[in-house]
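S.K.: Sequence:
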Amino acid sequence: MATYEVHLRDGSTHQVDGVDAYQPERTMTTFFRSNNSRRAIDCWSERVASFRTDELLVIRAAEGAGSAGRTEPTAPAARVEPVVLVSA
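Per my numbering, residue 978 is the first one in the sequence shown, and the count goes up by one each step.
Hints are computed from structural coordinates only; laboratory data are not their basis.
Check each hint, because a few of them may be wrong.
[What the hints assert, rightly or not] Label pairs and their in silico Cβ distance ranges:
#, residue 1, residue 2, range
1, R1015, I1036, 18 to 24 angstroms
2, N1013, R986, 29 to 35 angstroms
3, S1014, D987, 35 to 41 angstroms
4, W1021, S989, 20 to 26 angstroms
5, N1013, H991, 22 to 28 angstroms
6, D1019, G988, 32 to 38 angstroms
7, W1021, L985, 16 to 22 angstroms
Predicted model only: the values in this text are computed from it and were never measured.
No residue lacks a Cβ here, since even glycine has one placed at the ideal position from N, Cα and C.
Just need the whole structure built from these sequences, with the hints factored in.
M.R.: Spelled out as structure tokens, the structure:
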């Protein structure tokens, strides 16, 4: 599983942990945890976080996600926790 830094237009940076992939879904870009070795998004994938696509500037794999050797400093990131949706 990977960690991504999401940089938004308002200057904020968010860190999304424990996800396998992300993809645009109409007006939102959603990060998924797939719990399978293929790292593919399918009907069993769990949505972890979503951001408005028009507010995104950069989605970058974070240092813990295999980008060893990166030397540029980064601003502190706000951590994004998974959201559980419950229907009544």
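S.K.: Work down the list of hints and note, for each, if the structure agrees.
M.R.: Cross-check of the supplied hints:
1. R1015 to I1036: 18 to 24 angstroms: holds (21 angstroms)
2. N1013 to R986: 29 to 35 angstroms: holds (33 angstroms)
3. S1014 to D987: 35 to 41 angstroms: holds (37 angstroms)
4. W1021 to S989: 20 to 26 angstroms: violated (31 angstroms)
5. N1013 to H991: 22 to 28 angstroms: holds (25 angstroms)
6. D1019 to G988: 32 to 38 angstroms: holds (35 angstroms)
7. W1021 to L985: 16 to 22 angstroms: The hinted range 16 to 22 angstroms is violated for W1021 and L985, with Cβ atoms some 29 angstroms apart.
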